Amino acid sequence: MVRTWTLGLVVATVLLAGCWWLFGGDSDLRKITRQSEKLAAALHKAPGDGLLGIAARSHEIADFFAKKITLTPGEPLPGIGSREELVTVAATTLQAASSLDVKILDRDLNWVEPHVKATMHVAVEVVVTLQGERQKLMHTYELTWILEEERWVIANAQVSESIRNPASSDRR
Amino acid sequence: MWGRRPLVTLLRAAVLGTLLYLTGRFAFPPVHVSGLSMEPTIHDGTWRIGNKLKFLSRDPQRGELVMVSMAGWRAFYLKRVLGLPGETIAFKNGALLINGKVTAESYLAGGDDTWNLSPLRVPKGEYFVAGDNRAVPLPMHTAGLTRRGDIAGGLLW
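For the record, the sequence lines run as chains A and Y. To convert, note that position 160 of the first sequence is 160 in my numbering; the numbers rise steadily by one, no gaps. All you need for my numbering is the position in the second sequence, starting with 1, plus 1000.
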């Protein structure tokens, strides 16, 4: 009887810990994680997506970013200093690519200022078809997330690779 | 299905799951290879088993495959060690030169002689790593210097 109760207690503790992990814990961390997943999903383009769809998608992408931004996405993309530039670069990129898929492989997050500002390192796999050639690229970015108007948005993004190519900053 | 003592079965499953998680996270992570960087040695889409314990007691040697951390604990670059700390590495028409001497690379497919790199001294505490797919031009390849601390392990299989 005692053993059964002990086992029940252990199982209940494990279940409670699981529920806390799933639904509770650091809710800001979860919000940022969710935002990064949504951004990756927004960076999708299927063959045949029209111009109107691309324009709407570009504005949707810009909504994940702060009013003041500094983005260094890496070659061949240019540096970006405003949301207007971001919309233009996103539209141009989506238009140039026949298809685009961005998948988050893993991430880690550190608080610069708890519940106000955080730095995230994110490893992504980018599968892009450009001029008929399908490429699979792996990148690591450092994103700075800030809380702006009660939403978590990206204020800064830059390539942050653990392997530094002496021949170029581009990566494959 | 749950046996005579469902709670015990559940507990055993929980213990087994925890052990598998800990083994995968801290010792032998399953590695899903993505990309063509390590062709022809390792193919895109295949599975391997990593070994995070491999370089705990010794340093990586030239020719060994290493996992280089990207972000978090599940994403790695899979590369081969070419240059060791303190060495000078260069490429001339595809040939690897270590301290000025041509060094054979038996694992390459051959026929790709486009890589060129001026002599570069590998700093202390760093390694020069690259993939085996030399068909990709060097500026487009994830190859170069990485810190010893970013080498998360090697491959078990």
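Check before you lean on any hint, since a few could be wrong.
Unchecked claim - Calculated pairs, DMTMM-like style, for lysine to aspartate or glutamate (alpha carbon to alpha carbon, straight line, at most 25 Å): (1) A:K103 / Y:D1044; (2) A:K103 / Y:E1039; (3) A:K136 / Y:D1059.
Claimed, not checked - What the simulated footprint calls covered on chain Y by chain A, stretch by stretch (three residues with Cβ under 8 Å from a Cβ of chain A suffice, anywhere in the stretch; the number is not a length): (4) 1071-1082; (5) 1137-1143.
To be verified - Pulled a few chain Y residues facing chain A out of the computed Cβ check, cut under 7 Å: (6) S1034; (7) V1068; (8) P1085; (9) E1087; (10) T1088; (11) L1120.
Source of the hints: derived by calculation from the structure; they are not laboratory data. If you're wondering where the values come from, they're calculated on a predicted model, not measured in any experiment. Each residue gets a CB set at the ideal place from its N, CA and C atoms; glycine is no exception.
Exercise for the section: For the pair we were handed, A:K103 and Y:E1039, check the Cα-Cα distance against 25 Å. Expected result: holds, 22 Å
Problem - Coverage claim, chain A over the segment 1137-1143 of chain Y, checked by counting residues with Cβ within 8 Å (three needed) - result: holds (count 6)
Problem - Y:T1088 as an interface hint toward chain A, with CB separation required under 7 Å - result: violated, 12 Å
Exercise for the section: Would you check the hint for A:K103 and Y:D1044, treating anything up to 25 Å between C-alpha atoms as holding? Expected result: OK: A:K103 and Y:D1044 at ~16 Å, within 25 Å.
Handout entry: chain A over the segment 1071-1082 of chain Y, status - at least 3 residues with CB closer than 8 Å
Key = n = 7 at 8 Å, threshold three: holds.
Practice task
Tell me if Y:P1085 is really an interface residue toward chain A, meaning its C-beta lies closer than 7 Å to one of theirs.
Solution key: violated, 15 Å
Exercise for the section: Under 7 Å, Cβ to Cβ, is where Y:E1087 needs to be relative to chain A, so tell me if that hint holds or is violated. Expected result: violated, 14 Å
Problem - A:K136 paired with Y:D1059 [C-alpha distance capped at 25 Å] - result: violated, 30 Å
Handout entry: Hinted contact Y:V1068 with chain A - closest CB pair below 7 Å
Key = holds, 5 Å
Problem - Hint check: 7 Å Cβ-Cβ cutoff, Y:L1120 to chain A - result: holds, 6 Å
Handout entry: Interface restraint verdict for Y:S1034 against chain A (beta-carbon cut-off 7 Å)
Key = holds, 6 Å
The structure shown violates the earlier hints numbered 3, 8, 9 and 10.
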